[in-house]
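2 protein chains.
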Amino acid sequence: MASPTRQALQLRRVAIDTYKENVAYLHRDCHVYRSEGFQALAKVEICVEGDGRPVLAVLNVVDDEAITTRNELGLSEQAFKQLGLPEGTPATVAHARPPASLHAVHRKIGGHRLGYAEYEAITRDIVENRYSKIEMAAFLVGCTETGMEREEVLDLTRAMVASGDRLDWEEPLVADKHCIGGVPGNRTSMLVVPIVAAHGMLIPKTSSRAITSPAGTADTMEVLARVELPVEQLKDMVHRYRGCLAWGGTARLAPVDDILIAVERPLSMDSPGQMVASILSKKIAAGATHLLIDIPVGPSAKVRRQIEALQLRKLFEFVGDRIGLHIDAMITDGHQPIGRGIGPVLEARDVMQVLENDPAAPRDLREKALQLASRILEFDPDVRGGQGYALARDILDSGRALEKMQAIIAAQGEPPAAPQLGRLSKNITATHDGTVTAINNLQMARIARLAGAPLDKGAGVDLYRKVGEPVTAGETLYAIYAEFDSDFTFACEAAADSSGFTVTTDSGAPRSRA
Amino acid sequence: MASPTRQALQLRRVAIDTYKENVAYLHRDCHVYRSEGFQALAKVEICVEGDGRPVLAVLNVVDDEAITTRNELGLSEQAFKQLGLPEGTPATVAHARPPASLHAVHRKIGGHRLGYAEYEAITRDIVENRYSKIEMAAFLVGCTETGMEREEVLDLTRAMVASGDRLDWEEPLVADKHCIGGVPGNRTSMLVVPIVAAHGMLIPKTSSRAITSPAGTADTMEVLARVELPVEQLKDMVHRYRGCLAWGGTARLAPVDDILIAVERPLSMDSPGQMVASILSKKIAAGATHLLIDIPVGPSAKVRRQIEALQLRKLFEFVGDRIGLHIDAMITDGHQPIGRGIGPVLEARDVMQVLENDPAAPRDLREKALQLASRILEFDPDVRGGQGYALARDILDSGRALEKMQAIIAAQGEPPAAPQLGRLSKNITATHDGTVTAINNLQMARIARLAGAPLDKGAGVDLYRKVGEPVTAGETLYAIYAEFDSDFTFACEAAADSSGFTVTTDSGAPRSRA
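For the protein sequence lines, the chains are A and B, in the order given. Under my numbering, the first residue of the first sequence carries the number 1, and numbering increases by one thereafter. Under my numbering, the first residue of the second sequence carries the number 515, and numbering increases by one thereafter.
Chain A with its partners taken away, still in its complex shape (with noise of 0.2 Å):
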């Protein structure tokens, strides 16, 4: 069925957001409909005269002319987009064929191993939008960690990368840094890009906004200043400034990756074989030639225990070193938040108060970002081994950090509304008096969300006290903030019913209500 039917249909936009999947709508008395015996959820081919290639998605059947007549041929948002023509131009549509790749898909989920040109053709498929969610989904669970060798996961980010763009500064030592995420207010980007690029190393760190956290690091760092920027006005403040913090969703780097996040995310896969390659193809992309991986351990992190963690370092390792990318994996404490604003907000006042020397500002927060910069440092020559960490605490407490900062903000420019932190305002307070043993990133996480960030970047957390401290009854443990009355009431809830902090008494005996 390639070759398209005569019986052109109107192209028409239907308003709606079905995030990473294309979707079709033909009415059910529309004549391609009846002719091709389409079935509902089968995949189809949208052509347009004269333009090259043709658009894939999943047919939705609608019995409602308001949304679709039989003369037309509705597309979802994203469908219409990547179309990217005016409404009514006409169109036919067509069984698509199944993408060739997809019978290594299923050699895979025979238990086979994959070469180079299958993960390259796979990722280009998927690229392409030429698969289904379901079929991405069969694709990944055939990936999981027992069935994926260190040498597929090696060929898998080389077909990462290869599927997209892929920057280049032009210099011999480009330095980045990663963290696997799981622990909130782990912001230290903002705090080694500056100390980093102070010293003269080129670091141009491009972020995610939050998937599945309450801040991403380009969330919180659009809080001081735009982060989306055109590829060339990046490039140019880099050479400039040495560094950048902006998101990196302006360049194509690595893009099957963002379309197989719409399926692990809700599958919750995150096999250690799938990490790595979507990691590292990020990284090569950016043009990285050394990297700095944060892999945070703690029970209620994404890594639990220490082997894990260790066997993580080590597929990061394998893969970096047959690739070309010099990489240091270090292995953190993850058992609690770092800092004490969870949300964008919350966690920009955090790395303002590291920067600006402030005795309030939180040690741990400051304490980790210098060892994350440390490590980075000594990936010069001309840092002495064991020399880093003076090196990034002298250009801290200097203020030059700071200084670095203000001029990365005044190149990506100010952002339109400085955000504010939500009006409404909780505190929760200790049950009884004791001594916080334990403090559930989960949960505090869950929280932050609910009283909307990252979408409302002054919704969030703001914790008063950590693992260690003493508390007494009534004292707060945290505050709660929120702009909208139900995003405030969700989060209040939630921290009613778990607040997340563990205080035990005196006598030893853990209560989980603190």
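Since the hints were made in silico from the structure, they are not lab data. Just so you know, these numbers come straight off a predicted model, no measurement behind them. Don't take every hint at face value.
[Stated by the list, open to error] One side only, chain B facing chain A, incomplete, derived with CB under 10 Å:
#1 Val537
#2 His545
#3 Val572
#4 Glu591
#5 Ser646
#6 Met783
[Claimed, not checked] Computed from the model, here is a short list of chain B residues facing chain A with C-beta under 7 Å:
#7 Ala529
#8 Ile530
#9 Asp578
#10 Ile623
#11 Lys647
#12 Ile648
#13 Ala652
#14 Val777
Idealized CB from N, CA, C, for every residue including glycine.
Put chain B on the given structure of chain A with help from the hints.
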């Protein structure tokens, strides 16, 4: 987020058919969408006060009040029907709790062996619509051939039976038959049932409609009689006439299978384990005690090699033995279509010709039906081993099978209108002299489907030549029938592209374009 939100939305039916996947539509400016931090493709739980079970759906975000206003909760046809309440009913929406059994799916993906309790939890969650398509895909991929032990196939079969209702015929011997599919025109059930029922053996045959083929037994039987019968009428007529040829969808037999098929089909996943569990759970739920399974083998059939057919047979036998279902699995010749007609009207014609002992009746269909019927008749302890064939032939030749078929048709009721052969037709002819050496099942099925089968009952393909028969240039190989112009054009184009016939010249050189 199990607790419903306070602010209810008004239910609205959105006339979009999303097949087996519930979709909920929320306007982007709806307060619930904002406050809940939803994202498109998130799974949500829809609750109505005072009503029992929540309905699960995938979220699409709408920017057009003509589809869903900001005070409404739009539901796709399927979701609206499942909720079963009028438009305007106040309903609340919340994040869906992930199905608890997803943990078992992750274990399966991780290479573990699951037990009955886990398969039972998974099938229950699927039947309750708690799984998204991608979660079902993850489950199916995790259960492929390499990953499923035969004890697990047994557990999955049991769990699928438990997911729905079970018919009890209150007789010690309830016969049934099933073909695993892949060979067009293989309409033996409509001959086997009257023969076996005429002998007095109970054979309450329920069938499906075509999913990927040009006709299922239910589609073809519908040319002659009504097939959608209430369960009570079905039971009554089976007790009176010893058999039926009805659609199985009215009884809730292993309903999880009907849901999984929405994912299996587009993924072309037909692993032996899934196939065996799917078929046997339906048959056990339908009350069968003795089952004949037809496994056609051929280069363009579902099973291509003898060794695979044998493995499949052994898996059927293993599960059947342990679950108390007597199984006789027959490996049959599937190298070309059976009979002449492909498509409901044409296949019904073939069946009636055989029953009427018409000299024009296709001999291969008659012969295969007698072989299958003889094996079922020998389930009867009173039929001497080796006498089944003679008995079946006698029932057919004497007209008792025809008589039984007429009684079954009368009991099920005449169809509202007798379907006719499609008004458009074209003969596909041989391009050169020679002998037919192959007919491709897949291509013949595709041409018949393009012509409109099974939706247009009169559409299809009528074979004039079979493998081994001589043909001279210009002679008709087959005729295409269609009702609609566009279908007709498509089918003819597909036949011009590849006729599906291989005609070998006397010199022995095959030419694919016959």
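Going down the list of hints, with the structure as the test:
1. Satisfaction of the interface hint for Val537 (chain B) is found here, the shortest Cβ-Cβ separation to chain A being roughly 8 Å, below the 10 Å cut-off.
2. With a least beta-carbon distance of about 6 Å to chain A, the hint placing His545 (chain B) at the interface is held under the 10 Å criterion.
3. The interface hint given for Val572 (chain B) is met, as the beta carbon of that residue sits about 9 Å from the closest beta carbon of chain A, less than 10 Å.
4. The beta carbon of Glu591 (chain B) is positioned within 10 Å of a beta carbon in chain A (closest approach about 7 Å), and the interface hint is therefore held.
5. For Ser646 (chain B), the interface hint holds, since its Cβ comes within 10 Å of a Cβ in chain A; the closest pair sits about 6 Å apart.
6. Using the Cβ-Cβ criterion of 10 Å, the hint placing Met783 (chain B) at the interface with chain A is satisfied: the shortest such distance is roughly 8 Å.
7. Below 7 Å, beta-carbon pairs count as interface contacts, and Ala529 (chain B) has one with chain A at about 4 Å; its hint therefore holds.
8. Restraint check, Ile530 (chain B) versus chain A: the minimum CB separation of about 5 Å is within 7 Å; hint holds.
9. At about 4 Å, the closest approach between the beta carbon of Asp578 (chain B) and any beta carbon in chain A falls short of 7 Å, and the interface hint on this residue holds.
10. Against a cut-off of 7 Å between C-beta atoms, the interface hint on Ile623 (chain B) holds, since the closest Cβ of chain A lies about 5 Å away.
11. A hinted interface residue such as Lys647 (chain B) counts as satisfied when its beta carbon comes closer than 7 Å to some beta carbon of chain A; here the least separation is about 5 Å, so the hint holds.
12. This hint holds: Ile648 (chain B) has a C-beta 4 Å from the nearest C-beta of chain A, less than the 7 Å allowed.
13. Interface hint at Ala652 (chain B): satisfied, since its Cβ lies 5 Å from the closest Cβ of chain A, which is below the 7 Å cut-off.
14. Using the Cβ-Cβ criterion of 7 Å, the hint placing Val777 (chain B) at the interface with chain A is satisfied: the shortest such distance is roughly 5 Å.
In this structure, none of the earlier numbered hints is contradicted; all agree with it.
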